[in-house]
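K.L.:
Put chains B, C and D on the given structure of chain A with help from the hints.
Number of protein chains: 4
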Amino acid sequence: MGMIGGGKDAFIGAVHRIASFMDGQIELVCGAFSSNPEKSALSGESLYLPVSRSYASYEEMIQKEKLLPAGERMDFVSIVTPNHVHFAPAKMAMENGFHVVLDKPMTFNLQEAKELKKISEQTGRIFCLTHTYTGYPMVKEARQIIAEGKIGKVRKVYVAYPQGWLSTFLEGSNNKQASWRTDPGKSGIAGCMGDIGTHAFNLAEYVSGARVTKICADLNIVVEGRLLDDDGAVLLKFDNGASGVLSATQVAAGEENNVRISVYGEKGGIEWKQEDANTLLLKWLDKPTEILRAGTGYLSSYAKHNARTPAGHPEGYLEAFANLYTNFALTVNAVETGKTPELEWVDFPGVEDGIRGMAFIENVVASSKTEQKWYDFKI
Amino acid sequence: MGMIGGGKDAFIGAVHRIASFMDGQIELVCGAFSSNPEKSALSGESLYLPVSRSYASYEEMIQKEKLLPAGERMDFVSIVTPNHVHFAPAKMAMENGFHVVLDKPMTFNLQEAKELKKISEQTGRIFCLTHTYTGYPMVKEARQIIAEGKIGKVRKVYVAYPQGWLSTFLEGSNNKQASWRTDPGKSGIAGCMGDIGTHAFNLAEYVSGARVTKICADLNIVVEGRLLDDDGAVLLKFDNGASGVLSATQVAAGEENNVRISVYGEKGGIEWKQEDANTLLLKWLDKPTEILRAGTGYLSSYAKHNARTPAGHPEGYLEAFANLYTNFALTVNAVETGKTPELEWVDFPGVEDGIRGMAFIENVVASSKTEQKWYDFKI
Amino acid sequence: MGMIGGGKDAFIGAVHRIASFMDGQIELVCGAFSSNPEKSALSGESLYLPVSRSYASYEEMIQKEKLLPAGERMDFVSIVTPNHVHFAPAKMAMENGFHVVLDKPMTFNLQEAKELKKISEQTGRIFCLTHTYTGYPMVKEARQIIAEGKIGKVRKVYVAYPQGWLSTFLEGSNNKQASWRTDPGKSGIAGCMGDIGTHAFNLAEYVSGARVTKICADLNIVVEGRLLDDDGAVLLKFDNGASGVLSATQVAAGEENNVRISVYGEKGGIEWKQEDANTLLLKWLDKPTEILRAGTGYLSSYAKHNARTPAGHPEGYLEAFANLYTNFALTVNAVETGKTPELEWVDFPGVEDGIRGMAFIENVVASSKTEQKWYDFKI
Amino acid sequence: MGMIGGGKDAFIGAVHRIASFMDGQIELVCGAFSSNPEKSALSGESLYLPVSRSYASYEEMIQKEKLLPAGERMDFVSIVTPNHVHFAPAKMAMENGFHVVLDKPMTFNLQEAKELKKISEQTGRIFCLTHTYTGYPMVKEARQIIAEGKIGKVRKVYVAYPQGWLSTFLEGSNNKQASWRTDPGKSGIAGCMGDIGTHAFNLAEYVSGARVTKICADLNIVVEGRLLDDDGAVLLKFDNGASGVLSATQVAAGEENNVRISVYGEKGGIEWKQEDANTLLLKWLDKPTEILRAGTGYLSSYAKHNARTPAGHPEGYLEAFANLYTNFALTVNAVETGKTPELEWVDFPGVEDGIRGMAFIENVVASSKTEQKWYDFKI
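Residue numbers (my numbering), protein chains in the order written: chain A, 79 to 457; chain B, 79 to 457; chain C, 79 to 457; chain D, 79 to 457.
Extracted from the complex, chain A is given alone in its bound form:
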């Protein structure tokens, strides 16, 4: 793995590294950790990389790694830069033969995402988008339960992602995370909806198995002086007739990262909350609610494949993230060696999720601006 971005002090870069190291399947062999060559070198040093493989830019990294022999050069890049620097390195990496792991949202705008899809198809490179929450075993279990029809036809989807960390004008102080995420030039046309709304959207479609067809959005800038939405709620209509509510906010003072989802069908419902990630509630119309737990023997092959420890040993965010990396690596390895990857391996977010996420951003911003209630979800 070669990393683009994610130098010291970058929150998500460190998370990607932990996630990729955890299962002993992926090795960091090189990086272009910063647009500042000195910082990049320092980061590489602290990560025990040889000097020669800390590059001054991603362009240099891609070019030079390409020249290395097959067993030695990086197999894929992991891109963990702000949104406006997603497309170019991903494009260049794929066009030079490297697979790509990319932090969400996919690109700066929908147009770029569509182009990346084409490049991925043309180059045959494998693409993984890190929508972490669908890496949790009990989220996968929820999806399986619904896919198998256990709770009947889906009728209602509630998904919420409240955070509180942007309750003040944090971008006014020197907070790196807050600064780029609230900057239209780096984040894109949406703030909260791009940063965490896309996670909620992806979770809703992944778990329910249904696709959003119409939306009605209310986006707000709550904190004075902010340039992008920091709060929003969206009414949803799905292709199977279900309706739903998506809310995402970064000004719910006192909330941490409380993403959760409930889906109800004709016969029952499921409920999952990241703060109790190893538990999935399975509710029934006329029977006791069941508490399904990660690591147990009664779960689906998808949930089992994505857990490392027996029930009662909590796995968390980093393991969910690692599931994306490990499934991506298993798939890459299978494909590279001419094998057919298992269904459980290829179950990681890819190009299609990226496109829909970028479409969500564009649609939700457009809907928020119209006077019309229902806005068709367009790609």
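It is possible that part of the hints are untrue.
Which copy is meant is left open, because identical chains are indistinguishable; a pair holds if it fits in one copy or across any two.
To be verified - Taking lysine to aspartate or glutamate pairs in the DMTMM-like style, the calculated list, with each CA pair at most 20 Å apart, reads:
1) K315 - E449
2) K292 - E449
3) K315 - E344
4) K86 - D101
5) K365 - E226
6) K315 - E440
7) K365 - E353
8) K345 - E302
9) K382 - D364
10) K231 - E302
11) K254 - D364
12) K292 - D317
13) K345 - D364
14) K315 - E302
15) K456 - E440
Bear in mind the hints are in silico, worked out from the structure with no lab data behind them.
P.N.:
Leaving out everything else, chains B, C and D in the frame of chain A:
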């Protein structure tokens, strides 16, 4: 107290009786428990009433009780009939000198509610509407905390009321509760929104202290053949600039009566769930969340006045309901004896809550039918 | 009902009244609320009793009520005095034809309890001991599940009752509750173990269906100057081969009234906590844990009989207490009218529970004093 | 790192590897994964080790690695074999200059532990014992809170570790984990108490800061045919005057790995449960309970140092385990380079914890066999 409606097998009539008996301040002295005189008599008998005070109709009850001497006749009526039989008995009772406790929603339509308000003002009769959830001590505490500005200016209100009991076409079988609640001739123009949406709306305004000014509603009939909405979600705008989301559904299979509210301000937030009714979470931007508990010494006078036992002895739905009755009785008694009731006593839902609740029903139905996103909340 | 003790400011007297009023089956007709005749009269007045039926002493009450005609005189006494004034009024009441509800623990010592048992047998009077926690519907459900063998043979019982209110030397200030409960002359030979340890013991035997045969107790006086134990833990052996741990403390600073029980059998286990009283967890060796909830249709007749509202409307401590009173009243009424009470009605704590509770106190104190590990549970 | 034991199918070996890889500070360079050389080689291959560094025995590994140049040879061994193969490899590794990470309990018996302590002192090698639970950030926070006197003098300690996986005679089937853990020849003189009781004991002493001085143990063999205890409860006395209860069981059917601790002092208490590992409850006598959360800014340096992600991103068992490895590695690195390790780094379980754990096993077994109540905790 004289009861109108609430004969045997009536769910809410029994609840009203328990709630009124609990604190030993109110005695059931008469009733017109059913439109069927025989059933009314049987109900009266099982409630240990003398035969002479089980009346064949509410009209008879009001007329005959009025003739009894002051210490002997009922002081107020409790009306627990379906919505289409709220207005007439309430009007007649007030016009004949009796105070009124009325089950929510106030009336069959907004027009009746406005008229009842006038009658209440003209007759000086005291009126209590049983929005149970605002009777919980920790809901009162939440209101106080926000009113005192502890969490800063309110920015966001989430209120949800999911139930699952109407997930099937229950009105097709012989279920009395389901039948009238889904019958436009008895329930009014709304089903779910009238039955439980009004509770959620009342809770949101009571706790936040803000008033809804615009709404955007999505009402659904999910179960085939049903005549009124059984599900809905509403985006909210408040007079103080806050926004919110209200969801209410009766088709969330596996949910019981899971009403809950979260309100966030500039500095923190509160969270309350009926299923853990004696707990109020108080969240802070930079400090640990606090768990406030009913029955403790550190609460406001409002929370203290509405609890009967020391912390750790859970009080529930019936006690919350009893708080309405007892506060109503304390107020009636004070007024009747020329005293000024305490602020904590008069803090029960009244005419204004009733009017706004009926307006909610009419606005939410109208909003749901328009193509326009934001609908002005009109009274 | 005639009440002995429980005047103004008495915590448990008010609880008994609420519990007895709630279901509209019991009426307070007289009382001897205090050993001070003036205070008794004032209490009677505030409870809307006629002056003639506020008595100066329980002796007077029993004698005078006995002379009243059958339909008018009290049917039973409710005794809510400190422990040293349990035996004499209970004895006198039964010997004069009145049934008895008595606050726990039964008496001042085991000898008195045994004598009371004899009197109850001789007079045929019905006796109810208010071990509140076994009045909860989900505690009854737990007992039924175990009695029906669903979790297999019981192997392990954990019961805990932590409180924190005696963490300081509260009896040094003017706290009435603390004063008598820590006074060997009023409370008996045990403090914490008599006050709440007996509840835990009763709960353990009621739910598990097994009987304690050996104990190993560690009682402590944690707060300096206190005269009776305020903390303790007891290892238990049961007649069916199971073992267990009982802990009870009143110095767990920050705890309210956190009584809870877990029982494990060969195939599964149950878990109940008063702080979430409407929930019973049913755990299985190889299947998801089930969340059983009060008010649902799938419960046993015992749980159903003891709930008033549909699932999702929390009932609490006062309702559990009311279940004791209502079942007692139903039983008294059946017996008085020559009918056979239902099995669900007679399921309230009685003489045998009282005897075993007093034996628990005596055995646990004796065990705590010996150097020997296992102490035979003697009656 | 060179690993001893932990070949394919070994539960704890895989956990050690994940934990050591996670933070990118430790590399697996060699291993003697099985006493069967072929199996060892296969394991090495699947872990991407060169053939030359998969050794046939730990003796071979230690001897050969010692001959490699300093930068190339392993720095320490990680020993993850059953208890009877702890002492010899640890001794040999230290005597040959290697630091040691050792799975708990330290050794087969107390005598070996004492000897290992001497060897560690003589060789100056650093020793880490993997008592995972003290690696959790909120457990460290609990320890700090108590050490700083925030809850006052400690009075009461409750620690419990219920599991259910040995509810049946699993060792009768071909379960590798069950077999050695219930085999006196491999596990030592205790089963449940050695396997998980030692964790509970370590947690109790680590968090409370107090040392056990007397115990009263009740150990049981619940499942017929089993050779070692599978259940037990222990009354505790501490050197500061506090008392406590430790329970550990492997026959609580339906329990997963539900280890938890509560400690109460004069002014408040703490409560931590592994199943909600990122939360620490801080209870107060007269104030609301506070919910302290991992990843927040208000925690101690110890809690902060041991978390990787901001609040709301749950970290779990593997991260707690990784904290042991990373702190050990930081300490080793500091010591090897002549620096003073930070206080937060050296806060991992070591020789003293190992000795006390082995003493716990010996004392608890001895106590269980005597008729005498209190047994002095001897080392």
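K.L.:
Can you list which hints this structure breaks, lowest number first?
P.N.:
No hint contradicted; all consistent.
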